[in-house]
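Can you build the whole structure from these sequences, using the hints too?
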Amino acid sequence: MIINNNVIYKPKLECDKNQENWNSELLYDINKKIEDAESELFECHKECESTELEIYDVNQLKDKGKFVLKNIEGRYNNVNDELKEIHFNYEKCLEKVHSNKENVQQNINFLTMQRRYLRKELEELKKIADKNKEKLMEVQKMITIQEVSYVKFILFEHNPLSIYKTSFLEKKYGRGAKIEKNGGKNAYNARFRRQGKQNPK
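Be aware that the sequence shown starts at 203, since it is given in our numbering, and climbs by one per residue.
Treat the hints as calculated values from the structure; they're not laboratory data. Where is the CB? At the ideal position from N, CA and C, for every residue including glycine. Watch out, some of these pointers could steer you wrong.
[Unchecked claim] Once the Cα atoms are required to be at most 25 Å apart in a straight line, the calculated PhoX-like pairs of lysine-lysine come out as:
1) K248 <-> K235
2) K343 <-> K354
3) K268 <-> K248
[Claimed, not checked] Okay, the calculated beta carbon distance ranges per label pair:
4) N273 <-> L313: 54 to 60 Å
5) M315 <-> G276: 55 to 61 Å
6) D259 <-> D238: 30 to 36 Å
7) I288 <-> E256: 44 to 50 Å
8) N309 <-> Y278: 28 to 34 Å
9) V341 <-> I310: 40 to 46 Å
10) I288 <-> Y319: 44 to 50 Å
11) M315 <-> Y278: 51 to 57 Å
12) N280 <-> D259: 29 to 35 Å
13) D231 <-> E256: 33 to 39 Å
14) G276 <-> E256: 27 to 33 Å
15) E284 <-> E325: 58 to 64 Å
16) S351 <-> Y319: 53 to 59 Å
17) S252 <-> Y278: 50 to 56 Å
Have a look at this one:
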(Lines of atoms letter the chains of each structure in order from A and count residues from 1; the text may use other names and numbers.)
(Lines give C-alpha, C1' and ligand atoms only; values in the text may rest on other atoms or scores of the structure.)
Protein backbone atom coordinates (compact mmCIF):
# COMPACT_ATOMS: atom_id res chain seq x y z
CA MET A 1 0.00 0.00 0.00
CA ILE A 2 1.52 3.30 -1.15
CA ILE A 3 0.38 6.63 0.33
CA ASN A 4 1.75 10.05 -0.88
CA ASN A 5 4.48 8.41 -2.64
CA ASN A 6 5.42 6.85 0.67
CA VAL A 7 5.76 3.18 0.67
CA ILE A 8 4.49 1.49 3.71
CA TYR A 9 5.41 -2.05 4.19
CA LYS A 10 3.35 -3.69 6.82
CA PRO A 11 5.60 -6.73 7.17
CA LYS A 12 8.55 -4.44 7.93
CA LEU A 13 6.64 -2.66 10.67
CA GLU A 14 5.72 -5.92 12.21
CA CYS A 15 9.32 -7.01 12.03
CA ASP A 16 10.45 -3.79 13.68
CA LYS A 17 7.87 -4.24 16.33
CA ASN A 18 8.97 -7.76 16.96
CA GLN A 19 12.53 -6.57 17.05
CA GLU A 20 11.58 -3.88 19.51
CA ASN A 21 9.78 -6.39 21.66
CA TRP A 22 12.72 -8.71 21.51
CA ASN A 23 15.05 -5.87 22.38
CA SER A 24 12.81 -4.90 25.25
CA GLU A 25 12.75 -8.42 26.54
CA LEU A 26 16.48 -8.68 26.06
CA LEU A 27 16.96 -5.38 27.84
CA TYR A 28 14.67 -6.57 30.61
CA ASP A 29 16.63 -9.78 30.91
CA ILE A 30 19.86 -7.85 30.92
CA ASN A 31 18.56 -5.44 33.54
CA LYS A 32 17.32 -8.33 35.58
CA LYS A 33 20.66 -10.06 35.30
CA ILE A 34 22.34 -6.80 36.21
CA GLU A 35 20.07 -6.44 39.22
CA ASP A 36 20.71 -10.05 40.16
CA ALA A 37 24.42 -9.50 39.68
CA GLU A 38 24.24 -6.31 41.74
CA SER A 39 22.31 -8.14 44.43
CA GLU A 40 24.79 -11.00 44.33
CA LEU A 41 27.63 -8.49 44.34
CA PHE A 42 26.08 -6.78 47.36
CA GLU A 43 25.79 -10.11 49.10
CA CYS A 44 29.38 -10.89 48.17
CA HIS A 45 30.42 -7.47 49.43
CA LYS A 46 28.63 -8.10 52.70
CA GLU A 47 30.19 -11.54 52.92
CA CYS A 48 33.57 -10.02 52.10
CA GLU A 49 33.13 -7.43 54.86
CA SER A 50 32.10 -10.20 57.25
CA THR A 51 35.12 -12.23 56.17
CA GLU A 52 37.36 -9.19 56.65
CA LEU A 53 35.94 -8.74 60.15
CA GLU A 54 36.58 -12.39 60.86
CA ILE A 55 40.12 -12.03 59.50
CA TYR A 56 40.59 -8.95 61.70
CA ASP A 57 39.33 -10.87 64.74
CA VAL A 58 41.55 -13.79 63.85
CA ASN A 59 44.53 -11.45 63.51
CA GLN A 60 43.67 -9.94 66.88
CA LEU A 61 43.51 -13.40 68.39
CA LYS A 62 46.73 -14.26 66.60
CA ASP A 63 48.49 -11.21 68.04
CA LYS A 64 47.08 -11.99 71.46
CA GLY A 65 48.19 -15.61 71.10
CA LYS A 66 51.67 -14.43 70.07
CA PHE A 67 51.81 -12.17 73.14
CA VAL A 68 50.65 -14.97 75.43
CA LEU A 69 53.06 -17.39 73.77
CA LYS A 70 55.91 -14.92 74.17
CA ASN A 71 54.98 -14.45 77.83
CA ILE A 72 54.80 -18.21 78.32
CA GLU A 73 58.16 -18.64 76.58
CA GLY A 74 59.66 -16.05 78.92
CA ARG A 75 58.20 -17.80 81.95
CA TYR A 76 59.37 -21.14 80.57
CA ASN A 77 62.89 -19.78 80.16
CA ASN A 78 62.80 -18.40 83.71
CA VAL A 79 61.51 -21.70 85.08
CA ASN A 80 64.12 -23.56 83.05
CA ASP A 81 66.87 -21.33 84.44
CA GLU A 82 65.54 -21.84 87.97
CA LEU A 83 65.39 -25.58 87.37
CA LYS A 84 68.98 -25.58 86.11
CA GLU A 85 70.06 -23.60 89.18
CA ILE A 86 68.17 -26.00 91.47
CA HIS A 87 69.78 -28.97 89.73
CA PHE A 88 73.19 -27.33 90.04
CA ASN A 89 72.62 -26.65 93.73
CA TYR A 90 71.38 -30.22 94.17
CA GLU A 91 74.53 -31.61 92.54
CA LYS A 92 76.63 -29.28 94.67
CA CYS A 93 74.79 -30.38 97.82
CA LEU A 94 75.32 -34.02 96.86
CA GLU A 95 79.03 -33.40 96.42
CA LYS A 96 79.11 -31.56 99.74
CA VAL A 97 77.19 -34.36 101.45
CA HIS A 98 79.55 -36.98 100.02
CA SER A 99 82.53 -34.84 101.00
CA ASN A 100 81.15 -34.31 104.51
CA LYS A 101 80.36 -38.00 104.75
CA GLU A 102 83.93 -38.86 103.81
CA ASN A 103 85.26 -36.27 106.26
CA VAL A 104 82.98 -37.55 109.01
CA GLN A 105 84.06 -41.12 108.31
CA GLN A 106 87.71 -40.06 108.37
CA ASN A 107 87.14 -38.22 111.65
CA ILE A 108 85.36 -41.26 113.08
CA ASN A 109 88.22 -43.51 112.03
CA PHE A 110 90.77 -41.07 113.46
CA LEU A 111 88.89 -40.71 116.74
CA THR A 112 88.45 -44.48 116.96
CA MET A 113 92.19 -44.99 116.51
CA GLN A 114 92.90 -42.21 118.99
CA ARG A 115 90.50 -43.77 121.50
CA ARG A 116 92.20 -47.13 121.12
CA TYR A 117 95.59 -45.49 121.54
CA LEU A 118 94.45 -43.54 124.61
CA ARG A 119 92.84 -46.64 126.10
CA LYS A 120 96.05 -48.55 125.58
CA GLU A 121 98.05 -45.67 127.03
CA LEU A 122 95.64 -45.51 129.99
CA GLU A 123 96.11 -49.21 130.61
CA GLU A 124 99.88 -48.72 130.50
CA LEU A 125 99.58 -45.78 132.89
CA LYS A 126 97.43 -47.89 135.24
CA LYS A 127 100.05 -50.61 135.17
CA ILE A 128 102.77 -48.04 135.86
CA ALA A 129 100.62 -46.52 138.63
CA ASP A 130 100.13 -49.96 140.20
CA LYS A 131 103.86 -50.62 140.01
CA ASN A 132 104.60 -47.19 141.47
CA LYS A 133 102.03 -47.85 144.21
CA GLU A 134 103.73 -51.13 145.04
CA LYS A 135 107.11 -49.41 145.02
CA LEU A 136 105.71 -46.62 147.19
CA MET A 137 104.33 -49.15 149.66
CA GLU A 138 107.71 -50.87 149.75
CA VAL A 139 109.44 -47.52 150.28
CA GLN A 140 106.97 -46.59 153.01
CA LYS A 141 107.54 -49.97 154.58
CA MET A 142 111.29 -49.47 154.43
CA ILE A 143 110.91 -45.97 155.90
CA THR A 144 108.72 -47.36 158.68
CA ILE A 145 111.26 -50.08 159.42
CA GLN A 146 114.07 -47.53 159.45
CA GLU A 147 112.06 -45.21 161.70
CA VAL A 148 111.32 -48.06 164.10
CA SER A 149 114.93 -49.11 164.06
CA TYR A 150 116.02 -45.56 164.69
CA VAL A 151 113.51 -45.14 167.52
CA LYS A 152 114.64 -48.41 169.08
CA PHE A 153 118.20 -47.30 168.78
CA ILE A 154 117.44 -43.95 170.41
CA LEU A 155 115.30 -45.41 173.14
CA PHE A 156 117.39 -48.40 174.07
CA GLU A 157 120.75 -46.77 173.70
CA HIS A 158 120.04 -43.40 175.33
CA ASN A 159 117.10 -44.12 177.70
CA PRO A 160 117.51 -46.77 180.41
CA LEU A 161 113.79 -46.68 181.24
CA SER A 162 112.79 -47.73 177.71
CA ILE A 163 112.69 -51.43 178.60
CA TYR A 164 110.36 -50.77 181.49
CA LYS A 165 108.13 -48.46 179.43
CA THR A 166 107.97 -50.91 176.55
CA SER A 167 106.96 -53.79 178.80
CA PHE A 168 104.43 -51.53 180.52
CA LEU A 169 102.85 -50.52 177.20
CA GLU A 170 102.75 -54.13 176.00
CA LYS A 171 100.95 -55.14 179.18
CA LYS A 172 98.54 -52.22 178.92
CA TYR A 173 97.86 -52.11 175.17
CA GLY A 174 99.01 -55.49 173.98
CA ARG A 175 101.99 -56.86 172.16
CA GLY A 176 103.33 -54.75 169.34
CA ALA A 177 103.16 -51.38 171.10
CA LYS A 178 106.14 -49.15 170.31
CA ILE A 179 107.60 -46.05 171.95
CA GLU A 180 108.32 -42.93 169.94
CA LYS A 181 108.97 -39.31 170.82
CA ASN A 182 106.09 -36.93 170.21
CA GLY A 183 107.53 -33.99 168.25
CA GLY A 184 110.67 -33.83 170.32
CA LYS A 185 108.76 -33.60 173.60
CA ASN A 186 109.55 -35.66 176.68
CA ALA A 187 106.17 -37.43 176.61
CA TYR A 188 105.84 -40.78 174.81
CA ASN A 189 102.98 -42.27 172.81
CA ALA A 190 102.25 -45.88 172.05
CA ARG A 191 102.36 -46.70 168.34
CA PHE A 192 100.50 -49.78 167.18
CA ARG A 193 101.34 -51.67 164.06
CA ARG A 194 98.28 -53.86 164.32
CA GLN A 195 95.26 -52.81 162.29
CA GLY A 196 91.89 -52.07 163.88
CA LYS A 197 93.33 -50.55 167.11
CA GLN A 198 93.15 -46.89 168.01
CA ASN A 199 96.21 -45.03 169.17
CA PRO A 200 96.08 -44.10 172.84
CA LYS A 201 95.86 -40.43 173.65
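Comparing the hints with the structure gives:
1. K248 <-> K235: 19 Å, holds
2. K343 <-> K354: 16 Å, holds
3. K268 <-> K248: 30 Å, violated
4. N273 <-> L313: 54 to 60 Å: 58 Å, holds
5. M315 <-> G276: 55 to 61 Å: Hint holds: Cβ distance 58 Å, inside 55 to 61 Å.
6. D259 <-> D238: 30 to 36 Å: 31 Å, holds
7. I288 <-> E256: 44 to 50 Å: 46 Å, holds
8. N309 <-> Y278: 28 to 34 Å: 45 Å, violated
9. V341 <-> I310: 40 to 46 Å: 45 Å, holds
10. I288 <-> Y319: 44 to 50 Å: The hint (44 to 50 Å, Cβ to Cβ) holds, given that I288 and Y319 are roughly 45 Å apart.
11. M315 <-> Y278: 51 to 57 Å: For Y278 against M315, whose Cβ atoms are near 55 Å apart, the range 51 to 57 Å holds.
12. N280 <-> D259: 29 to 35 Å: Roughly 31 Å apart at Cβ, these two residues keep to the hinted range, so it holds.
13. D231 <-> E256: 33 to 39 Å: 36 Å, holds
14. G276 <-> E256: 27 to 33 Å: The hint (27 to 33 Å, Cβ to Cβ) holds, given that G276 and E256 are roughly 30 Å apart.
15. E284 <-> E325: 58 to 64 Å: For E325 against E284, whose Cβ atoms are near 59 Å apart, the range 58 to 64 Å holds.
16. S351 <-> Y319: 53 to 59 Å: Since S351 and Y319 have Cβ atoms about 47 Å apart, the given range 53 to 59 Å is violated.
17. S252 <-> Y278: 50 to 56 Å: 37 Å, violated
Hint check: violations occur at hints 3, 8, 16, 17; the rest are consistent with the structure.
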